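**Student:** Model the full structure from these sequences, guided by the hints.
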Amino acid sequence: MSDDTLLSVHDLTKHYPITEGLLAREVGRVRAVDGISFDIRRGETLGLVGESGCGKSTAARSLLRLEPPTDGEIRFDGEIVGNQTDDERKRFRRRTGIIFQDPTSSFDPRLSIGESVAEPLALHGLRDHDRRRSLVETMLAEVGLSADDYDRYPHELSGGQKQRVALARALVSNPELLVADEPVSALDVSVEAEILALIERLQTTFGLSILLISHDMSVVRDVCDRVAVMYLGEIVERGPTEAVFADPQHPYTRALLASMTTPDPTRRGERAELSGTVPDPADPPPGCRFHTRCPAVIQPPDYDFDQQVWRGILDLRIALRNRTLDTERLRTRLVTEGDAEHADEISGAELRTAIRAAHDIPDELHDANAEQVLSAALAEIVAGELATAEERLNESFATICCREQPALEETEAGHRAACHLHDVGGESSTAESVLSGQQNG
Amino acid sequence: MNEPLLSVNDLRTHFETSDGTVLAVDGVSFAVERGETVCLVGESGSGKTVACESITKLLPMPPGKLVGGRIDFDGRDLTDCSPGQLSDVRGKRIAHVFQNPQGALDPVYSVGAQLVEAIRLHRDVSKRAARERGIELLDRVGIPEAAVRFDEYPHEFSGGMKQRVVIAMALAAEPDLLIADEPTTALDVTTQASILDLLNDIKAERDMAILFVTHDLGVVAEMADRVVVMYAGKVMERGDVHDVFETPAHPYTQALLRCLPGRGERRETIGGGFPNPTDPPTGCRFHPRCPHAVEDCIGGEQPALEPANNNETHRAACVFYDEDHDTEVVQESAADRAAQPSEQSKQQTDGGHATEGGNR
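In the order they appear, the protein sequences are chains A and R. For the first sequence, full-length UniProt numbering gives the first residue as 1, with consecutive numbering after it. For the second sequence, full-length UniProt numbering gives the first residue as 1, with consecutive numbering after it.
Derived by calculation from the structure, the hints in this document are not laboratory data. Note that the structure is a prediction, hence the values are computed from the model and not measured. Even glycine gets a Cβ: it sits at the ideal position worked out from N, Cα and C. Fair warning: there could be bad hints in the mix.
To be verified - Going by beta-carbon spacing under 8 Å, a handful of chain R positions derived as facing chain A:
#1 SER44
#2 THR190
#3 LEU217
#4 VAL219
#5 THR282
**Tutor:** Here is the structure:
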């Protein structure tokens, strides 16, 4: 940790227990944030990106101790946050500020905006009313409003103006760290541009460090010095913004970038889709958490698949693991679609074809050895021996992606990513070819 | 030339409020051909949603009021239709999809029951047939295990899946026109991408026209055949999507494109405030914020839509495109835009004052 580090988060974890019954017995836990680490240097902006439900906001709230984290160490300006005395906690609060996505719901409609902005000052012990007022008026001018706006009420303001007031309130206690949780997502583009410009200007004026949370990759690219990409409670890639955007090392980052739309109709159709949905954070997949959707899962060494077919086989395997493959249901569907009258009339062969079709697996794999394993597994599925089939597929088509959790390690591109494609000893040429294949495909 | 499927002419929708009359849509004209996607783009308050909802009179009236204009849909003037005739058009010929799928679905009925209701409202079919058709539609919009999900409730679906269900309901009566009002704004980028693809596939498959309302220029570039840019109740520019993005003609469109983050070069702001909807500026509604404004922009009515770059289909409502002015002043290509660095940022769009500390 270097001297200019303002905030250092180590292994931050926030789990929410799922309880059941009268005694609130814990039956599981939602792993909203599951061991993330990052630093923010003084005057720096760090972006935290990811889809909704990946834990970005929970991470922000628990690092500010708006909710107590389950585990992990947070150091602010060298001092450990947590286990503090009340005074120390209050001091920490004064040195941090937060703004939220929806400026409307973050104000008390019965307080004038001046009173709202003055509240933190009063809480932190500034009892002189006139001084408070003059400080707030200066602050309002600083965010592009005027001193006269002190006595206006939130409903009189537009969304952009309210976000300015939110910034004034967050910054009035002169904090060193600002957490901005989707600050421009609810705003129009022209207003968004202004609020982003304002945040950048305030950063220089106040020497702020900023943690910017956003799902919008283009906002992050514009504003942030460094970026951390989150997926299902974990950071999967981290590095300087330009490096991550120019040469993303994790397939998830690539997919996020590929799904962005660009305001250029000549580049239409260059988007790539990401299949599947974010898994349940109460039951995250084993191994790499992204393997259930990843287009670049590492293939088992002894077989030869097209990457797309391999993805289909994995999907079949995941369906077996999650018990979502229901042969009875499939039979019923075949009855409604086809000529057969009863579910019993559907032959095993028909069912096998249907399962292959449902997972985009061709009727015969070109690798004969692989085909042998797959047909045997399909026969077991049709016979109702799902567990045996699952085991067979797992054993024969073993891949490190489903088995081991990758660590966030330095890649050849110079920044960190948590992906087995970059494992030491693995052929880095494979990583390159697989990743570029994803980009072209 | 064939008649367009939908043609909106000089539409005026106003709202009576205690603060005066809000001129939400004030003389808007555009057309949608069969099987094409037209994007209505603008910021909040531009009147794009009100324009769309005026077409089938989904707006609460009062306070809303159709003050003038014609809306011709497939040879019939919708402004003349009785409520009964209109409700026949609604859903059956013109379907709507909104931003928030949560609000469009009833939480106490299963998704299937709601789909069956939509199907049987427009077609005289048995419940059993409607169920089969419903499952087929869910399958078409990409809901896995459609037959099973049919009997589940809205809360069991994710946001993207709910929007798929809403699209399935909109497709129930095989409409000729789908009006999609910010259908992906509430969704994640990854989900947005797949919903956009779905809409494009369905459009091609059924030769259905789409009127797509959005504020997101990235989505416009992805979806539109033609673009209509609105500002403060008026159409500022319209044309083929490639023309509008490559050579944006109206200063407002140019300014809007310069606001976008993530283009590599510096973002700019438009400056000035959004006009008061009860008392909009005379002349061109954009003139108080326009960097090129001259004397002629200030008085009278919004300039007529004149062809830009000698292109009949690409028109801008700006005085610089009439015969008396030098078009060069406002013309700018995508390449120029990239080359020009920012130098302005006077006042703020959302009404912030110019008292801010040092501008960059």
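**Student:** A separate judgement is required for each hint: does it hold in the structure or not?
**Tutor:** Outcome of the hint check:
Interface hint status for R:SER44: upheld, as the beta-carbon distance to the closest one in chain A is roughly 5 Å, under 8 Å. The criterion of a C-beta within 8 Å of any C-beta in chain A is met by R:THR190, whose closest approach is roughly 5 Å, and the hint holds. At its closest, the beta carbon of R:LEU217 sits 4 Å from a beta carbon of chain A; the interface hint therefore holds under the 8 Å criterion. Evaluation of the R:VAL219 hint against chain A yields a held restraint, the C-beta minimum of about 5 Å falling below 8 Å.
A least Cβ separation of about 22 Å between R:THR282 and chain A goes past the 8 Å threshold, and the interface hint is therefore violated.
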